[in-house]
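**Q** Chains as they are written, first to last, in the working numbering: chain A, 1489 to 1854; chain B, 111 to 440.
Hints are supplied without guarantee of correctness; some may be wrong.
To be verified - Cβ-to-Cβ under 10 Å is the rule here; a few derived chain B residues that face chain A:
no.: 1; residue: V115
no.: 2; residue: T218
no.: 3; residue: M404
Simulated from the structure, these hints should not be mistaken for laboratory data. All values derive from a computational prediction rather than experimental measurement. Glycine included, every Cβ here is placed at the ideal spot set by N, Cα and C.
Each chain, letter by letter, is given below.
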Amino acid sequence: MNNKAHNPLFHVSRRAALPWYRAWGIRAAALLIALLACALITNLITGLNPLAVYATIWQGSFGSARRAWVLFQNIAMLLCVSLAITPAFRMRCWNLGGDGQMLIGCLATTACMILLGGKLPNWVVILCMLVSSILAGAIWAAIPAIFKAKWNTNETLFTLMMNYVATQLVAYYIIIWEVPKGAGKIGIINQSTQAGWLPQIGSYKYLLNIIVVALVCVAMYVYLNYSKHGYEIAVVGESERTARYVGIKVERVIVRTMLLSGAVCGLAGMLLVGGTEHTLTTTITSGRGFTAVMVSWLAKFNPIWMVLTSFLLVFLERGAGQIATSFGLSSSYADILTGLILFFIIGSEFFINYQINFRHAAGKED
Amino acid sequence: MFDFVSFIPRAIMQGIPLLCGSTGETLTEKSGNLNLGIPGIMYVGAISGVMGAFFYEQAVGPANISPFLAIAIPLLCCMLGSFLMGLLYCFLTVSLRANQNVTGLALTTFGVGFGNFFGGSLIKLSGSDVPAIVLSATSSYFRRTLPFASTTGWFGKIFLSYGFLAYLAVILSLVAAYILKRTRVGLHLRAVGESPNTADAAGINVGRYKYVATCTGSMIAGLGGLYYIMDYTSGIWSSDAFGDRGWLAIALVIFTVWRPNVGVLASFLFGGLYILHMYIPSGMNLAIKELYKMIPYVVTIVVLVISSLRNKRENQPPASLGLAFFREER
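Chain B on its own, in the form it takes in the complex (with noise of 0.2 Å):
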């Protein structure tokens, strides 16, 4: 019998990093921008959580951490660092107006490099002998579980029992549907990512919001990849670790059809598609498990062709994805 009580807790945990980078990349695509440095911001925010979490244990010793700086430095870090990086997005893209695909690739490699280089620094002055870094006094923090998780059996293990991030990203994805569909701010921002001059002409401020959408959105996707170290992995940082989790949350804003709210259990599928291959039963086969690896990826190529077979019209991405705004240019 498949176990599903070990299963969608395991499938949840997974899904939640590509929740936060697709909920980031929706609102940075809704402003018009595609931002394919997602994988690398996500990078960004993990190393500089781990970074401020590993020197503040190292500041006060791992015995008298306060649970609250333990958990404020790492977001704050996490938050600055992928900000940042989206700031750097914003900078290139909207007001130098450079090529959206090329830039975010750069920072895709930038930001890939910046973790595994600070990730491999800190290993060094760690001196431990495992070449991974261990935060487990931050990380019992961060996966601290709701009260009775452990207590009322099977609902407890599939409801209760993740870290506040985990909830976090939830509520925020909510929280950005809300916004892009319900407010008078969501639609400016629609707006803008549809058409910028028609939005400019309604005296919309087509540059500060690009700028507002896409940072907040990095800041969130910088979320996901602080979440996978300091709560799926348990606070073990080791290089090339995170993987390709940015891309498939760039193809997961596809599979939504730019909708957060339906990311929400887009993403605990792709959590469960990514982990299948272990609990499909293999036997001794190793050659087949690599093949079941493949599911999500196919998943989302089938995905994709079925919404550009469907071609329904709000179903479209942004019509100006991809294209900078210049006022003077019509």
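Only chain A is shown next, with the shape it has when bound in the complex (with noise of 0.2 Å):
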């Protein structure tokens, strides 16, 4: 080629499609370095060696059975919203509005209880409960689209916006429901009569919610992969004019599909409120709209791998925040730990679509 011109150290040109088994090597490589980076920085902080920090991380997710629990509950929540957002996602919709549209879900969920419940068979206050969330979260998620698909107004601005807005709608009805007047929250809702509280199965507080998010991640998977919706999704997202050349109407799969994301990240915020917290706040979906792109990104918008990713993070938040309690350390170390790890994972996704060739190894193929 070229022999006057400088010759740069390495280029890099695109890789032909890795196969899986490659692929996830390298993502499973990162996470160990990642892995490493954290124990070497808590031991910098606390001076606690490092294989005591995976065994605290351990210890603080599984360590008993209430906490190996809590942590399934995180999970099932965290998927939820992650399998809410990602038809969304796989349109290239940004969708960052999963936090408002669960904590919208969680208010009608909270407004049921307060104002149903012990006036209505429980079943009926259940069942309203389901209906208005899911409805509550779909409309929630149904503006921004229709905004989107008519004028394309930018839908991630805007679904970040409705988070804020239904906060400040949240915050305006714990005013207005707080129990004792002037407390400035709900606390337990029907504590007594327990209307509208979903039913345990047996004993286990958060058995009912994990098999609901199982059951929609199933769902979920096949709806995106083996129906005809799920196809129209993938064209949309991989090319809208392609999309519209074949005759799929564009604007309606927008909506629809927003439509789908709000009505899930709805049903979230119910088992939230009505499975096991029982009570509102405006913190009550602590970020888990934002967790939840990063949980869907990294399994490449696959629901089954995203039980896995989302395991991943809330592990590593239960354990991070297992060291931070052991140590009187702010409990945000867990984020930094949850960034850290992203950052990892997130730069080794460009070995897996690219390789660098070195200036020598060029020379010799040519």
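Fit the two chains together into the complex; they arrive one by one in their own frames, and the hints show the way.
**A** Okay, here's the thing in structure tokens:
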């Protein structure tokens, strides 16, 4: 080639598709390096030896039966939101409003529990909770979706702002329903009557949520991979023009998919309030809508892999939380570790999609 | 009667962090990078400055602080911290061509965690009773206002009563607007954001422009965090104090249709909306106040919708915003 020009040390070229086991091997390697880095940093901050770091993380997640149940409950909730936003992501529609859609579902559920609890038979209340939360979440997602479909309004920022509108709406209702007056919080709803509380399976408080989310997970997998709707979503995501050309009504697909997205988020909110928390705060979703973006992306928008990635993130969060409590550190330590691991995994995608050709290697080929 | 003389300065002080964030994000977006890590970067900028100031105050004692170092050390630390965050973002998205949305969100998670973690650690180190770090000595230098501020009545209050960072933020955004609109560097930068392939063909080093613009943008955004702590809250850091201003700053970029000079007034307007709930008389009805706090977000949504409805060609985002550039792909 042109020998006169500056010959760079290496050049990057796109890789042909890697077999799936090598791609996941690279991701696993990135995860291992990331975990090493985390142990090293924890070691620098706390002086704990790296093996003990892992032991503490394990302890925080599986140390007791209760902790394990909390872990699985958190995974279920995170997974539910991730599943919800995935159809939109497959369509390249960046729904960052998972938090708000979930919160508005929580609000609808709370409204049913407070206003209808005790006045109607319990199963009717629960039915109302289910329907209203799904509707609320769907509406919250539909508003940005309609504008996106009609006028191509930026959905990333629109959904983001809808989160804060939802937060303020919840804050408003918390003050209206606060118990006792002036406390600024709602407390446990219907503690004595348990009206509107989702039924427990045996003595396992969290089992129902986990089962529901598992069903949603399988349903979402089938929907995305084996249904006509799922195919349309994939086509719109790959190329809107192609979709239009083959006669897919893009606007309809966008609105429909976002409706589904919001509905599942609303369901997640219902499970959270009706199933486990039985109260409402403005931070009840604890940022799951944002973490879900990363869960979904890390799993390459595949619902089954998402079980793994949501496990990974929740496991780390609980583990890092354990390190933080046992060493009196701030609980934000979990965020730092999560961020670090994400950086490594995000970076590793490069080595899956591209390869680096060094100068001398290229020379031999020529 | 609505008290404008006390409202406007507070609105402006609220607006300055937003202004820094949106100026930085505009520069970044003009290079085709959608940096959703701005909220995290502003946290890191703020905490880096706080750490610099904290250790400096601890080292020499609050009594014999030299004014120059008290300003220079936090400023440099802040710039360094946010620069490193910008560099990380660039490395991942430009060199490794990672997805910008995910990288940005990860950066925000990391940055907010970083800020609260080291903030919490410093609070423990200082051993104070309240969960906050108080840097009043350093802050007093940051808050030093222009002369005549107290003697010229309402004029002084509205125009002269701010710390130097506020004026710096306004100047920076005007300079950024000038560079983007009137200079060759700005032209190249816009070319990189609109069509990196064309820019590349024209001999512009796309990677370098993206790196420089994003890192500079991050540093400007980081200053917003520093201003908030050192000036607005009088040097008091407490966890999560900075709140969601980073996201509002990103929304402001769209509000200003990618023009930093428009951002000056727009950010003051947003600052006003942000604190409007304190000025609307609502009596004892606390619930209504929560609804008033919705105003800035609702206004942002309305602006988003209007700007997409009007759909003017010069008001569109950079064409390649959010896309990684790879020369061998056309």
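**Q** With reference to the structure, classify each hint as holding or not holding.
**A** Going down the list of hints, with the structure as the test:
Interface restraint check: B/V115 against chain A, minimum CB-CB distance 28 Å, threshold 10 Å, status violated. The interface hint given for B/T218 is met, as the beta carbon of that residue sits about 8 Å from the closest beta carbon of chain A, less than 10 Å. A distance limit of 10 Å between C-beta atoms decides the matter here; for B/M404 the minimum to chain A is near 4 Å, and the interface restraint holds.
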